[in-house]
Amino acid sequence: MKHRRHIAPSAVVWLLIGGLYFTIPLIATFDISLKSPQTGKCCTTANYSWVLHNGDFWHTLKISFMLAVETVIIALLLFVPTIYWVHLKIPRLRPVIAFLALIPFVVPPIVMVVGLLKVFKGTPAWFYQQPWGFLAASYVILAFPYMFFSLDAGFRSIDVHTLTEASQSLGARWTTTLWRVILPNIKAAALAGSFLTLAIVMGEFTIANLAAFHTFPIFIQYVNESQGFPAGALTLMSFAITWVAMLSLLVFGRRKGGGPGGIAGMRR
Amino acid sequence: MSYLQLQNLHRDFGTVKALNGIDISLGEGEFLSMLGPSGCGKTTALRLVAGFDRPDEGRILVEGKDISGLPPNKRDMGMVFQAYSLFPNMTARQNVEFGLKIRRRDKGVRGKRVDELLELVGLGHASDRFPHQLSGGMQQRVALARALAIEPRVLLLDEPLSALDAKVRVQLREEIRRIQLELGITTLYVTHDQEEALAISDHVAVMFAGVIEQMGTPAEMYTAPATPFVAEFIGTMNRLEAKVVDSGTGEVEHAGIRLQIDAARGRRNGERVLLLVRPEALELEARTNGGGPNSFVGEVLTQTFLGPVTRVKVSADGTTLITDMSAARAAALPVGAQVVARVPADDAKLLSLPDDGPGLPVLDPDNP
Chain A
7 MKHRRHIAPS AVVWLLIGGL YFTIPLIATF DISLKSPQTG KCCTTANYSW VLHNGDFWHT
67 LKISFMLAVE TVIIALLLFV PTIYWVHLKI PRLRPVIAFL ALIPFVVPPI VMVVGLLKVF
127 KGTPAWFYQQ PWGFLAASYV ILAFPYMFFS LDAGFRSIDV HTLTEASQSL GARWTTTLWR
187 VILPNIKAAA LAGSFLTLAI VMGEFTIANL AAFHTFPIFI QYVNESQGFP AGALTLMSFA
247 ITWVAMLSLL VFGRRKGGGP GGIAGMRR
Chain B
137 MSYLQLQNLH RDFGTVKALN GIDISLGEGE FLSMLGPSGC GKTTALRLVA GFDRPDEGRI
197 LVEGKDISGL PPNKRDMGMV FQAYSLFPNM TARQNVEFGL KIRRRDKGVR GKRVDELLEL
257 VGLGHASDRF PHQLSGGMQQ RVALARALAI EPRVLLLDEP LSALDAKVRV QLREEIRRIQ
317 LELGITTLYV THDQEEALAI SDHVAVMFAG VIEQMGTPAE MYTAPATPFV AEFIGTMNRL
377 EAKVVDSGTG EVEHAGIRLQ IDAARGRRNG ERVLLLVRPE ALELEARTNG GGPNSFVGEV
437 LTQTFLGPVT RVKVSADGTT LITDMSAARA AALPVGAQVV ARVPADDAKL LSLPDDGPGL
497 PVLDPDNP
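Heads up: the protein sequence lines correspond to chains A and B, in order.
Just so we're aligned, residue 7 is where the first sequence starts under my numbering, counting upward by one.
Just so we're aligned, residue 137 is where the second sequence starts under my numbering, counting upward by one.
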């Protein structure tokens with residue numbers, strides 16, 4: 007006989023409170039986004055049209071998105087081999103790196119940006135004055151904890167030593183091992199780190215603002231200060247972009263092989 | 137000429153001497169098991185052969201060529217690991233094919249070879265399954281097929297059965313031996329299970345504290361252990377510390393009891409020896425009157441049913457003896473029964489002990 011699962015009434019209440027906490031601001035923003043900029047009355051799609059036809063929207067969105075992709079690529083190229091090597095050869099260094107990874111969390115962004123501006127001041131103009139240089143380098147530092155803890159969890163979930171040695175005994179070099187054996191098995195962790203990095207970069211305001219770069223969050227802030235109703239539409243659209251990124255993670259992160267519990271290569 | 141040679145291999149980890157000068161010489165197509173307790177250095181030796189670690193001293197030669205400096209991916213050694221090591225993102229077929237792809241073999245050749253090997257290990261039907269869809273035994277079979285796919289010069293097996301249940305372990309070890317004989321591949325097998333080593337090997341090397349205590353055929357290891365440690369480690373053995381009292385008649389004394397032992401003839405009077413008697417060689421019967429020659433008088437302490445035999449433990453004047461007999465015979469000697477244990481003069485071995493040396497090595501306190 008099957009037992010029916012009962013949800014406690016208190017759980018329903020808390021779920022409801024939690025749901026309202028998240029949905030009320032969205033509903034209110036949606037309501038604002040439908041109001042006419044001229045009359046202030048409902049309902050019109052003019053605000054969405056204004057955003058979509060605004061050149062700055064597309065320009066800044068493109069800059070932020072490209073920056074996010076650049077940051078993700080640099081961070082993956084930098085952190086995947088490093089963390090792999092640490093797990094494989096110098097595991098006692100892992101706590102040290104975990105501690106270092108916490109620094110971007112602990113240091114206030116304002117302090118960090120002042121420091122970074124000083125550090126990079128003498129660098130060439132193509133680096134210092136371009137978002138692809140200075141901002142990307144700063145964002146890699148910001149992404150460090152997100153990438154590290156995601157990848158670290160991925161590496162801890164597989165038996166890095168055995169898989170590497172098995173691959174080597176079959177004739178693979180370490181680069182082949184990393185690309186064809188290790189990476190596919192930490193794909194979900196790498197995607198999680200990439201998504202978090204993407205979300206951070208798409209929403210990063212402090213560094214971009216103080217370093218005087220015109221990115222998507224700067225544009226959102228500008229619209230928010232100058233035009234109330236289109237700001238609602240813009241907020242919802244940026245929210246939608248975040249969700250699309252999250253869904254992409256779910257789609258690409260779905261593992262073809264492997265599986266939970268007792269999986270080969272997993273630590274026992 | 138030897139196919140695989142390990143010459144004077146040393147490996148230290150800090151102050152621990154994991155290997156202290158081991159020498160192994162193995163002919164082509166032979167199967168050698170390295171046997172010993174945890175920490176004896178057997179896995180270290182295997183890892184040196186595989187190239188995952190480098191010796192501090194010594195050389196490894198295959199067909200007379202020194203491979204000590206080669207990285208593991210250049211050694212052509214097929215290895216099966218203790219931990220499940222299949223690549224989780226690949227099917228059984230892709231796992232077996234991996235080494236051939238690395239070697240850029242033609243697609244047709246790859247497919248044929250993979251099919252053959254999966255059939256050889258009895259998994260032709262499971263080629264498209266991912267590792268998590270296979271049982272532990274099946275995973276180790278795929279790992280074996282994967283190691284064999286590259287046609288390795290030496291097959292290395294590092295306790296491949298230790299994670300499996302008893303029945304699968306016996307099945308798989310027989311299959312490993314069948315495949316090894318079929319392919320004629322030189323094999324190094326590491327295990328701590330002496331039954332496993334004796335069952336499938338051409339040669340067994342018993343290791344302890346980084347050295348090889350004895351190397352020989354399974355029968356030699358069982359019937360003629362060369363050191364007290366080997367005697368303790370291979371099979372179950374009654375080990376009695378004794379002293380030769382008359383080398384002419386072959387008389388030794390243990391705990392005040394004199395025993396006539398053929399192997400004691402010609403030894404030095406007063407020599408400390410270790411008297412070794414297998415449980416199946418010790419004769420046990422109910423006590424009717426006195427003990428008679430070459431015997432201990434005592435009482436049955438415990439009986440343990442082991443399936444084919446029943447193991448009876450006897451206490452006799454401070455000496456504990458064990459003997460194996462059929463369940464029917466053991467039924468006549470219940471716990472507490474007065475018994476006589478007779479040591480056969482011609483079926484007991486003697487090992488010399490240093491006159492002022494330490495006591496006997498004890499691995500298992502329950503195994504006197």
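Please keep in mind that the hints were generated in silico from the structure rather than gathered at the bench.
All of these numbers come straight from a predicted model, not from anything done at the bench.
Misleading hints may appear alongside valid ones.
Here are the simulated SDA-like cross-link-like pairs (lysine to any residue), alpha carbons at most 25 Å apart as the crow flies [stated by the list, open to error]:
no. : chain 1 : residue 1 : chain 2 : residue 2
1   : B       : K379      : B       : E389
2   : A       : K95       : B       : T179
3   : A       : K47       : A       : M208
4   : A       : K95       : B       : R313
5   : A       : K95       : B       : A481
6   : A       : K95       : B       : E295
7   : B       : K243      : A       : Y228
8   : B       : K210      : A       : T168
9   : B       : K379      : B       : V347
10  : A       : K47       : A       : R179
11  : A       : K95       : B       : G175
12  : B       : K153      : A       : I96
13  : A       : K95       : B       : G402
14  : A       : K68       : A       : R179
15  : B       : K303      : B       : H268
16  : A       : K124      : A       : T182
17  : A       : K193      : B       : S263
18  : B       : K210      : A       : W185
19  : B       : K153      : A       : P97
20  : B       : K248      : A       : L40
21  : B       : K201      : A       : K95
Pairwise CB distance ranges (calculated) [to be verified]:
no. : chain 1 : residue 1 : chain 2 : residue 2 : range
22  : A       : I109      : B       : G320      : 55 to 61 Å
23  : B       : E287      : A       : I109      : 49 to 55 Å
24  : B       : D301      : A       : M72       : 52 to 58 Å
25  : A       : V117      : B       : G157      : 47 to 53 Å
26  : A       : K95       : B       : A302      : 54 to 60 Å
27  : B       : E287      : A       : V250      : 36 to 42 Å
To give a feel for the contact side, a few chain A residues facing chain B, derived at Cβ under 7 Å [what the hints assert, rightly or not]:
no. : residue
28  : E171
29  : S175
30  : A178
31  : R179
32  : T181
33  : V187
34  : A194
Here a beta-carbon is modelled for each residue, glycine too, at the ideal position from N, C-alpha and C.
Exercise. May I ask which of the numbered hints given earlier this structure violates, with the numbers listed in increasing order?
Key: The structure breaks hints 3, 4, 5, 7, 9, 10, 13, 14, 16, 20, 21, 25, 26, 27, 32, 34; every other hint is satisfied.
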